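Number of protein chains: 2
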Amino acid sequence: MPWSNRKNSELVERARRVIPGGMYGHESTALLPADFPQFFSRAKGARLWDADGNEYIDYMSAYGPNLFGYGNADIEAAARKQADLGDTMTGPSHVMVDLAEALVSMISHADWAMFCKNGSDATTMAMTTARAYSGRSKIIVAVGAYHGSQPWCTPNRTGIVDDDRRNIITYEYNNIESLEAAVRQAEGDLAGIFATPFRHEVFADQMIPSVEFAQAVRKICDAQDVALIVDDVRAGFRLARDCSWSILGVQPDISCWGKAIANGHPISAMVGSHRFYAAARSIFATGSFWFSAVPMAAGVETLRLIRETRYLEQTVDLGDRLRAGLDEQAAAFGFSLRQTGPSQMPQILFHEDPDMRLGYAWVANALKHGVYFHPYHNMFLNAAMTAADIDQTLQASERAFAELKADRARIPANENPLVIARLKRAR
Amino acid sequence: MPWSNRKNSELVERARRVIPGGMYGHESTALLPADFPQFFSRAKGARLWDADGNEYIDYMSAYGPNLFGYGNADIEAAARKQADLGDTMTGPSHVMVDLAEALVSMISHADWAMFCKNGSDATTMAMTTARAYSGRSKIIVAVGAYHGSQPWCTPNRTGIVDDDRRNIITYEYNNIESLEAAVRQAEGDLAGIFATPFRHEVFADQMIPSVEFAQAVRKICDAQDVALIVDDVRAGFRLARDCSWSILGVQPDISCWGKAIANGHPISAMVGSHRFYAAARSIFATGSFWFSAVPMAAGVETLRLIRETRYLEQTVDLGDRLRAGLDEQAAAFGFSLRQTGPSQMPQILFHEDPDMRLGYAWVANALKHGVYFHPYHNMFLNAAMTAADIDQTLQASERAFAELKADRARIPANENPLVIARLKRAR
Numbered sequence: 001m002p003w004s005n006r007k008n009s010e011l012v013e014r015a016r017r018v019i020p021g022g023m024y025g026h027e028s029t030a031l032l033p034a035d036f037p038q039f040f041s042r043a044k045g046a047r048l049w050d051a052d053g054n055e056y057i058d059y060m061s062a063y064g065p066n067l068f069g070y071g072n073a074d075i076e077a078a079a080r081k082q083a084d085l086g087d088t089m090t091g092p093s094h095v096m097v098d099l100a101e102a103l104v105s106m107i108s109h110a111d112w113a114m115f116c117k118n119g120s121d122a123t124t125m126a127m128t129t130a131r132a133y134s135g136r137s138k139i140i141v142a143v144g145a146y147h148g149s150q151p152w153c154t155p156n157r158t159g160i161v162d163d164d165r166r167n168i169i170t171y172e173y174n175n176i177e178s179l180e181a182a183v184r185q186a187e188g189d190l191a192g193i194f195a196t197p198f199r200h201e202v203f204a205d206q207m208i209p210s211v212e213f214a215q216a217v218r219k220i221c222d223a224q225d226v227a228l229i230v231d232d233v234r235a236g237f238r239l240a241r242d243c244s245w246s247i248l249g250v251q252p253d254i255s256c257w258g259k260a261i262a263n264g265h266p267i268s269a270m271v272g273s274h275r276f277y278a279a280a281r282s283i284f285a286t287g288s289f290w291f292s293a294v295p296m297a298a299g300v301e302t303l304r305l306i307r308e309t310r311y312l313e314q315t316v317d318l319g320d321r322l323r324a325g326l327d328e329q330a331a332a333f334g335f336s337l338r339q340t341g342p343s344q345m346p347q348i349l350f351h352e353d354p355d356m357r358l359g360y361a362w363v364a365n366a367l368k369h370g371v372y373f374h375p376y377h378n379m380f381l382n383a384a385m386t387a388a389d390i391d392q393t394l395q396a397s398e399r400a401f402a403e404l405k406a407d408r409a410r411i412p413a414n415e416n417p418l419v420i421a422r423l424k425r426a427r
Numbered sequence: 001m002p003w004s005n006r007k008n009s010e011l012v013e014r015a016r017r018v019i020p021g022g023m024y025g026h027e028s029t030a031l032l033p034a035d036f037p038q039f040f041s042r043a044k045g046a047r048l049w050d051a052d053g054n055e056y057i058d059y060m061s062a063y064g065p066n067l068f069g070y071g072n073a074d075i076e077a078a079a080r081k082q083a084d085l086g087d088t089m090t091g092p093s094h095v096m097v098d099l100a101e102a103l104v105s106m107i108s109h110a111d112w113a114m115f116c117k118n119g120s121d122a123t124t125m126a127m128t129t130a131r132a133y134s135g136r137s138k139i140i141v142a143v144g145a146y147h148g149s150q151p152w153c154t155p156n157r158t159g160i161v162d163d164d165r166r167n168i169i170t171y172e173y174n175n176i177e178s179l180e181a182a183v184r185q186a187e188g189d190l191a192g193i194f195a196t197p198f199r200h201e202v203f204a205d206q207m208i209p210s211v212e213f214a215q216a217v218r219k220i221c222d223a224q225d226v227a228l229i230v231d232d233v234r235a236g237f238r239l240a241r242d243c244s245w246s247i248l249g250v251q252p253d254i255s256c257w258g259k260a261i262a263n264g265h266p267i268s269a270m271v272g273s274h275r276f277y278a279a280a281r282s283i284f285a286t287g288s289f290w291f292s293a294v295p296m297a298a299g300v301e302t303l304r305l306i307r308e309t310r311y312l313e314q315t316v317d318l319g320d321r322l323r324a325g326l327d328e329q330a331a332a333f334g335f336s337l338r339q340t341g342p343s344q345m346p347q348i349l350f351h352e353d354p355d356m357r358l359g360y361a362w363v364a365n366a367l368k369h370g371v372y373f374h375p376y377h378n379m380f381l382n383a384a385m386t387a388a389d390i391d392q393t394l395q396a397s398e399r400a401f402a403e404l405k406a407d408r409a410r411i412p413a414n415e416n417p418l419v420i421a422r423l424k425r426a427r
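Just so you know, the sequences run in chain order B and L. If you count by my numbering, then the first sequence holds residues 1 to 427, one letter each, in order. If you count by my numbering, then the second sequence holds residues 1 to 427, one letter each, in order.
Bear in mind the hints are in silico, worked out from the structure with no lab data behind them. This structure is a prediction, so every number in the text was calculated from the model and none was measured. Yeah, the Cβ is synthetic: ideal placement off N, Cα and C, and Gly gets one too. Treat the hints loosely; a few may be bogus.
[What the hints assert, rightly or not] Restraint ranges, calculated between C-beta atoms of paired labels, are given here: (1) L/181 to B/21: 49 to 59 Å; (2) B/74 to L/304: 24 to 34 Å; (3) B/168 to L/351: 44 to 54 Å; (4) B/168 to L/247: 11 to 21 Å; (5) L/352 to B/222: 54 to 64 Å; (6) B/74 to L/77: 21 to 31 Å; (7) L/406 to B/308: 40 to 50 Å; (8) L/178 to B/166: 22 to 32 Å.
[Unchecked claim] With a straight-line cut-off of 27 Å between C-alpha atoms, the simulated DSSO-like cross-links for lysine-lysine are: (9) L/44 to L/81; (10) B/81 to L/81; (11) L/7 to B/44; (12) B/7 to B/44; (13) L/405 to L/368; (14) L/405 to B/81; (15) L/44 to L/368; (16) B/368 to B/405; (17) B/44 to B/81; (18) B/368 to B/7; (19) B/368 to B/44; (20) L/7 to B/405; (21) L/44 to L/7; (22) L/7 to L/368; (23) L/81 to B/7.
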């Protein structure tokens, strides 16, 4: 069946009437190439089908939540067993305690856990806990770092008032001098410092921080007796079976989790050390569905798979294989890629591609050949992927490169005003 | 089997080690009578079983989400069918459009919908949309009204900085003069006014607003060209098959929904009128699980049941029956109740009970007889309840009143410091 997007177009048309812009948020295709489908009908393992039935090997993994494959049998069995007992009840099930114990046993710095729904619930609770602990106000975050879409952290300030940002100070990621300047700017009113495990911003190369940087953050937080908060929502359990900064040998006080911890079931978490137990206990945070048992049961099973399978080594191996194959193909067709970040969470940008027209055209080509790559957001491999999937992906990417080379002179400038604006901001 | 709480006590002990305070948020039993169970093992229809297997007729309905009974067969079938296709994917399913169309068709003032996870996601998005529309900053909310636990609205200010509240102005609910004073206080910088459908705060009588009050809010918002926002998260579809203020003949610009719209599956929503479409489109709001398809499929089926069944009339009838029966019993045993709010969302407090010791002792008695009443939070009937459940409830409540009368002279003062503090605040 030839690739078609008729049904998707009809849905987009219907959606525009009843949803502002037809879609919103990080899964909106507003900044993607024109043919990228907005609506999906099915997902299984590493595969995704759009509303028209086109099949893709999906390198977005739901923007992170899919770690063990869509509809993983073990995790879904645990979820259904709990659903038969009860989900959203007048109080939590014992699985809440099981899940907290599992997280605490796996995350070195964690002595306790609190569960919530959004990643930004966890980051907001971490900010509030840091302020409750210190009695101080200022929060330091990296320039451009994404910690959620709440007023204090959303990257788009439309409808946001200055007072929401009055206590947020920024530093350049992985730059000790810049961090020290931010600490001075806090003038003794510092409450906490946020860091993502590595820099994984959209429209930009990813950056792995140095051990020296991570140690410097730790040292500053110790000296000031304030919270070092690692925002592991996006990368959690994709780099390590522990907090991501454990790789650097640095333990935060608080870390934030979400996305993959229940393989797509809706749950996020803040975990922390004993020193912050009383502060975490003193804040008020809650939500209608925060204590639902099904995502917790799914989380318990996901954590078991994290402990007991080679999912991590496997996604790294497959990511390395994909990265090497793509570099080779790019060179063969006269292109050069900037492949950054951990290979299991790859960001793929093109050298000499200031308006990203090459990257956009290449992923649009790959899409038609059954591979869902992303032109500006880091991607996520998952443990349902196999070596055969990578081989199939490389066949598709080779065709995409060949078409890119053939069309090179005719590829139009990237004229999406939203993309142009983001590129300007990312520079 | 006699009532026991051994397993619950063991869980509470384990929980304290790995969860700050053992539990947090609105489902914490910290402010409830000592014997109230914290953990639950099962829920079905109108019934709930705690960790020790004690069975209750549950008048909390998960603090609102349970509208058609726990594990409603039609809704669960729709959820499972969608789970087999896909839940959290790289984009939404067509059910997102179906759900938006259903909400828009049912809510008179709504022309569009945006989905999220927490009630406070919806209220925060409404605030941001109101500011984006008006270009102004000040938000007016009723004193003590609960709009969520984000920094701008949480009732507990631990870890919250003054800047988070600098643009929030309060008024006395259902008091036009007080509202007008708040508008003057905004000094031309007003962005929007929040109102709950009725006053449903903890530790206080509920209050139905007058038509004149609702009309006055509408008139002010029209005159200032700012958003009237009804926070229908708690009461939505429990008073009407439309926005709750439709009963008063007043249409808001934006309303916020959550809790019961998918019968316990995690989803909330902001809906609004055409005039606010562009503003809603201009803000950035998203979350890892906001576009998951299972809660949307559950929502579509829940809305069908709302349209096609007599759930509303049934919960009102049962609520009236319960209310009349309790008043009669109270009088027979020499007590007097303050039963306020809609009978399907009853608040039951005792007259001449300043420290609530009577109310606390009565619900503790009822608990041992198989009925889960709440001493300080409004309750929620659900459509799985039957006349037989109400009869069984009234048998239990009668025994609870008889015990209360027998023990009256010996009931200890309510000495929980958290409760004392809340009572002081509610007065």
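Here is how each hint holds up against the structure:
no. : hint                       : result
1   : L/181 to B/21: 49 to 59 Å  : violated (38 Å)
2   : B/74 to L/304: 24 to 34 Å  : holds (33 Å)
3   : B/168 to L/351: 44 to 54 Å : holds (49 Å)
4   : B/168 to L/247: 11 to 21 Å : violated (42 Å)
5   : L/352 to B/222: 54 to 64 Å : holds (56 Å)
6   : B/74 to L/77: 21 to 31 Å   : holds (23 Å)
7   : L/406 to B/308: 40 to 50 Å : violated (57 Å)
8   : L/178 to B/166: 22 to 32 Å : holds (29 Å)
9   : L/44 to L/81               : holds (20 Å)
10  : B/81 to L/81               : holds (16 Å)
11  : L/7 to B/44                : violated (39 Å)
12  : B/7 to B/44                : holds (20 Å)
13  : L/405 to L/368             : holds (16 Å)
14  : L/405 to B/81              : violated (44 Å)
15  : L/44 to L/368              : holds (19 Å)
16  : B/368 to B/405             : holds (16 Å)
17  : B/44 to B/81               : holds (20 Å)
18  : B/368 to B/7               : holds (16 Å)
19  : B/368 to B/44              : holds (19 Å)
20  : L/7 to B/405               : violated (67 Å)
21  : L/44 to L/7                : holds (20 Å)
22  : L/7 to L/368               : holds (16 Å)
23  : L/81 to B/7                : holds (21 Å)
The structure shown violates the earlier hints numbered 1, 4, 7, 11, 14, 20.
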